[in-house]
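**Student:** With chain D fixed as given, assemble chain L onto it according to the hints.
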Amino acid sequence: MQIVVDLTRCQGYAQCVFHAPEVFELHGEEGLLYATAVPDDQVERVREAVAACPVQAILLGKEVSGGAR
Amino acid sequence: MPGDLKDGRIVIVGASLAGLRAAEALREEGFKGSLTVVGDEPHPPYDRPPLSKQVLLGQATAETTGLPMRRDPDAEWRLGVRATGVDPLVKQVLLDDGESLPYDRLLITTGTRARPWPNQDEGALDGVFTLRTREDGAGLAERLAAGPERVLVIGGGFTGSEIASACRELGLAVTVAERGPAPLVGALGGTLAKLAAAMQRNHGVDLRTGVTVTALHGNGSFTGADLSDGSRVDADVCVVALGAIRNVEWLADSGLASGPRGIACDAGCRAFDMYGIVTDDVFAAGDVSRFPHPLFGYQMLSLEHWGNAVEQAAVAAHNMVSPGPLRRPHLAIPTFWSTQFGLNIKSVGVPTYSDHVVIAQGSLEARRLAMVYGYQGRVTAAVTVDMAKSLDYYRHLIETAAPFPPPPGAADRAIAADIPLPSDVPDPSVLSHGPTVALTGYLPDRRLTAVQPMR
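Taken in sequence, the protein lines are chains D and L.
Every letter in the first sequence is one number past the one before it in the numbering used here, and letter 9, counting from 1, is 9.
Adding 69 to a residue's 1-based position in the second sequence gives its number in the numbering used here.
Because the hints were derived from the structure by calculation, they are not lab data.
Do not take every clue at face value.
Claimed, not checked - Each pair of labels, with its calculated beta carbon distance range:
no., chain 1, residue 1, chain 2, residue 2, range
1, L, Ala321, D, Asp41, 47 to 53 Å
2, D, Glu44, L, Val280, 48 to 54 Å
3, L, Asp156, D, Glu44, 49 to 55 Å
4, D, Pro21, L, Asp141, 27 to 33 Å
5, L, His465, D, Leu60, 29 to 35 Å
6, L, Pro111, D, Glu44, 31 to 37 Å
7, D, Asp41, L, Ser391, 41 to 47 Å
8, D, Pro21, L, Asp350, 46 to 52 Å
Said to hold, decoys possible - List of simulated lysine-lysine pairs, DSSO-like, C-alpha gap at most 30 Å:
no., chain 1, residue 1, chain 2, residue 2
9, L, Lys160, L, Lys75
10, D, Lys62, L, Lys101
11, L, Lys458, L, Lys263
12, D, Lys62, L, Lys75
13, L, Lys160, L, Lys101
14, L, Lys75, L, Lys101
As the list claims (entries may be wrong) - Partial list, computed: chain D residues near chain L (C-beta under 10 Å):
no., residue
15, Gln2
16, Val4
17, Asp6
18, Thr8
19, Glu29
20, Glu30
21, Leu33
22, Ala37
By construction, the Cβ of each residue, glycine as well, lies at the ideal position given by its N, Cα and C atoms.
Bound conformation, chain L alone:
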C-alpha cells in the first residue's frame, strides 16, 4: 500500500561496506519491498582495510576479502554497473547500461575513490599504483612480493604509512614523501605526528617531509621521481597515497547538495537538496556523506572511517522505514584505527577539532600513550597508541563535554596533564593528502575547510 514505509522500492547506489550493512539493516527493520543494490565494481562487497595490511604482507589475498553477511539482504545486486544520475522528480536512478531504476526511497553510499596522480601520463607508468580497490591491492601485493629495489610512497597519511610499514616488514627499502611536517599530521596534529615520524625512521623508512613530488620518471616503467627540494628518488614501485575523492560527480544534475566534500545531509542521513531543503526520500551514508554533529559545533563532518560507514548505514536504514517521530540521529562519536610499525593507533572524537593536547597516560618515549585533545576548554578527542582499552573512558569524557585538561583520574601523570601543548593541527590545504576526518565548515578562530588545491 502507498505510504507503507516497510514496503515499496528501495534502491541503494554503492555496494561496499555501507551499502551492504544498510541492505541488511533494512530487512532487519522489517522492510519487505523490493531492494536493489547497484555497484560499479564487479565484486560483491569486500573489506578494504586488509588491502593495505594483510594483503601487502602476503597473509591474505585481495580476492579473499569479501565481507561476511550478517543476514541475506535478499537484494537484487546490479554489480559492474555505474549509476550515472538521479532524476528526483520521477524518482529514478539512471544507469550507464541505459536502464533506469525507479525508487520510492534512495540511499547513496558511493563512497570515495583514490585520488590519482595528477599527471595522467606519469600516473600510467608501469609500477605506479594507488590503493583503494581489490585490483589495486592485488597488483601492489604482487609487485612487492617480487622484491623491488625501492618503493616510493607519496603521501604520509594512514594509507601511505601503512604501506610503508608493510614494505619494511617485507624487508623492502621505502621512501615516504610527505608535504606536511610529519606523517599523519593531518589526522593527529603536529605533536603526535612527531612520534609517527620517529616511528617510521626507527623502522628504517627514508622519510622526507616538507617536500612534494614534482615529477615521476620512467620509460614505460617507473624508475624514479623528482622532489621539490631538488633531490631525486630512484625506485621501481611508486604508490600514490594522496587521499580520496568523493564519488559525487554522477549527482551533478540531481539537484542534491553534493560537492567535492560529499553529500550534505541532516543528522538522520536525509540528503539536502541544493537549496538546503531536506529531502525525505533520498538518504546518504558512509564516506560520501557529510552531516552536522552537535559535539563539534554542528559543523558538517565528513568521515572516511570504517565504523562510521557501519553505524551511519544502520541509522539511514532505520530512518528509511520509520515515520518521522521514530527516526533517530547519527551522532556517534567518530572512531578509527590503524595498525602500522607494530603499533595500534586508535582515535575517538575529532582530533582536528582541537587547540591543545596533553599526554594523559604513557609517554612518547615509551611508544605507549593516550593523548587527549581539547578545544576551548573541553575534551574533544583522544588518540591512544597501544592503549586501546583506555579509549572508552575518553569517549565518555568527549560525550559529556568534560573540561580540558582532563579531570584528575584521567591521567597517570598529574604534571604532564597540567601542561597542555598546542595540538598543532595544520591547515588541510597544505597537506599532500586529504585528512580522513574533515570538518567541512568553519571554526571561530581558524579556517579548516578542506581546500584541495590543484597540484
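So that you can see chain D by itself, here it is in the shape it has in the complex:
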C-alpha cells in the first residue's frame, strides 16, 4: 500500500507519528516526513493514523496498476 499526505492540509498535529512512528516522522517541530510505501505489517497502524488525523490529510491506497499496454 502507498500513502500520500496532503501537506497543504497538514498542520503538524503529529497524531500520525503517535499511531505509526515507523512510517511518520517529524522533521523539526512540525515538518512531516513519511515512508511513501507502507510495509504490510504497518498497514493497520497507518489506518489508525488516517482515522486519527484531525485534518484528514492522509490518503492510503493502492498504486495505479495500469502499466504501458
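**Tutor:** Showing chain L alone in chain D's frame:
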C-alpha cells in the same frame, strides 16, 4: 449519445499528480465513456515532493513514491509515450509512436520539467544532476549516499534549499550558489529570505549569494565550478536547481494559447486558443496552466504547487462533464509548503503580489513566525515558519481582502504589526531560478513578468 457530457472519449495528456486526480474525479463525476491517460515517463503517477526530502535522506527509495489512488479511474494508461501534437479540427492527439488518439474533450496536464544546465557538454558531466523525475531522485540519492567530498547546488529556490538541507543532514559539505541576494527570495521576498540565508549558514551551508556559476569543470566527471565573483568551488556532485520549464513545446502547432509561461485558460480550466478565444473541448490543469485570479488583480497565475495540481484537476474534471451553468471556477487561494533545515515553511496567497510585509506573530530571532504580506493596503499572502496552525486564519484575511496591516487580533505584537517593511520582491528576471509562483501579467507599478534571459 452525442452531446452527453458523461459519455464519449476523454484523453488526458500528462500522467502525474494532476492527470491522476483528474482521471479519478471524472469517474466520480459520473463519466462513463472511454478515458485514456498518456504519459511520457514509463511510470504510473508518482509523487515528487519526497524526491528532494525523504529519498535524498535515504528514508524512502525513489521507486516507492507511487501515488495511491482514491479510486480506480478505469483508464487506459499509455505510459512511456510522448504526445507530439494536437489537431483541434479533427480532435486528435498525435503520439510519437505514430498513433493518434481521437477525443471529444482533451485535458492537458503535462506539467514542467527541470531546467537543464545551459551548456550541454558541461551538463553531461558525470555527477551533474537535475532533480525532477524518479530517475533523478534515485541517481542523486545514490551519489549522496556514497559520501561525496562536497556538493554544489546551483540555485537557492525551494528545490535547491531542500537539497542543501538534506546534504547537511547527511553530514555532507555543501555550497549553494544563488544569483539573488538570498535563498527563496523569488518566492518569499527579500525580508523573509534573510531568515532563509541565516538558516542555511547556521546549518553549515557555504552560501554564496549574488553570484552566478559561469562554468562547470571536469574530465568526464564533474570536479568543480567557476563563479562570477572569480572564485572556484571544488565539488564532486553538482545539482542544477534552476527552476522549471513548462512542457508546452508539443503544442506549438495546436493553435492553443501556449507559451513558456504555460497554457492560458479561463478560471474554469478551459484553454484559450491563440486568438484569446476560449475553447470548449480543451482543458488544462496543474503546473502547465495559467489562469486569471480576481484576488490578485485578475492576473494570470502560474503555480508549481502540489495543492494547485490537485484542486485544479478536480475543477477541470467537473467542468469537462458539466453543462455551462453548472461549471465552477478554480479560484482556490494558492498554498504551498517546504520542509528544510528542520523548519516547516508554509505559504498562503501570493507573496510576490505585495509591496509590504509585517511580522504578525513570532519573530525572525525565534525562528518561528507568521509574516503577512500586503499590496496597496490589503492582505494578499502570509508565510508561516513552524506556525502552520495560523495559516487558515490568514487565508480568511486574504479571501476577505482584509486591510493591511492586519487588524487587531491578527498579531501577537501590536507594535511590530504597525510597522510594515518593504516586502522587497525582486524582479524575477534577475533570479537564477524560476519562482514557484509567477504572476504572468503586470502590476500597476512594477513589471513582474517572468522573463527568463538566456544565460
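**Student:** Determine for every hint whether it applies to the structure shown.
**Tutor:** Going down the list of hints, with the structure as the test:
1. Ala321(L) with Asp41(D): 47 to 53 Å: With a Cβ separation near 51 Å, Ala321(L) and Asp41(D) satisfy 47 to 53 Å, so the hint holds.
2. Glu44(D) with Val280(L): 48 to 54 Å: Since Glu44(D) and Val280(L) have Cβ atoms about 52 Å apart, the given range 48 to 54 Å holds.
3. Asp156(L) with Glu44(D): 49 to 55 Å: Between Asp156(L) and Glu44(D), where Cβ atoms are some 51 Å apart, the hint holds.
4. Pro21(D) with Asp141(L): 27 to 33 Å: The hint (27 to 33 Å, Cβ to Cβ) holds, given that Pro21(D) and Asp141(L) are roughly 31 Å apart.
5. His465(L) with Leu60(D): 29 to 35 Å: holds (30 Å)
6. Pro111(L) with Glu44(D): 31 to 37 Å: Given about 33 Å between the Cβ atoms, the range holds.
7. Asp41(D) with Ser391(L): 41 to 47 Å: The hint (41 to 47 Å, Cβ to Cβ) holds, given that Asp41(D) and Ser391(L) are roughly 44 Å apart.
8. Pro21(D) with Asp350(L): 46 to 52 Å: For Pro21(D) and Asp350(L) the Cβ distance comes to about 49 Å; the hint holds.
9. Lys160(L) with Lys75(L): At roughly 18 Å apart (the allowed maximum being 30 Å), Lys75(L) and Lys160(L) satisfy the hint.
10. Lys62(D) with Lys101(L): holds (22 Å)
11. Lys458(L) with Lys263(L): holds (23 Å)
12. Lys62(D) with Lys75(L): holds (26 Å)
13. Lys160(L) with Lys101(L): Judged against 30 Å, a Cα distance of about 20 Å means the pair holds.
14. Lys75(L) with Lys101(L): Status holds; Cα separation ~6 Å.
15. Gln2: Result: holds, 4 Å to nearest chain L Cβ.
16. Val4: holds (5 Å)
17. Asp6: With a minimum Cβ separation of about 7 Å from chain L (threshold 10 Å), the hint on Asp6(D) holds.
18. Thr8: With a closest approach of 4 Å, the Thr8(D) hint holds.
19. Glu29: With Cβ-Cβ at 5 Å, under 10 Å, it holds.
20. Glu30: holds (5 Å)
21. Leu33: At 5 Å from the nearest chain L Cβ, Leu33(D) passes the 10 Å test, so the hint holds.
22. Ala37: holds (4 Å)
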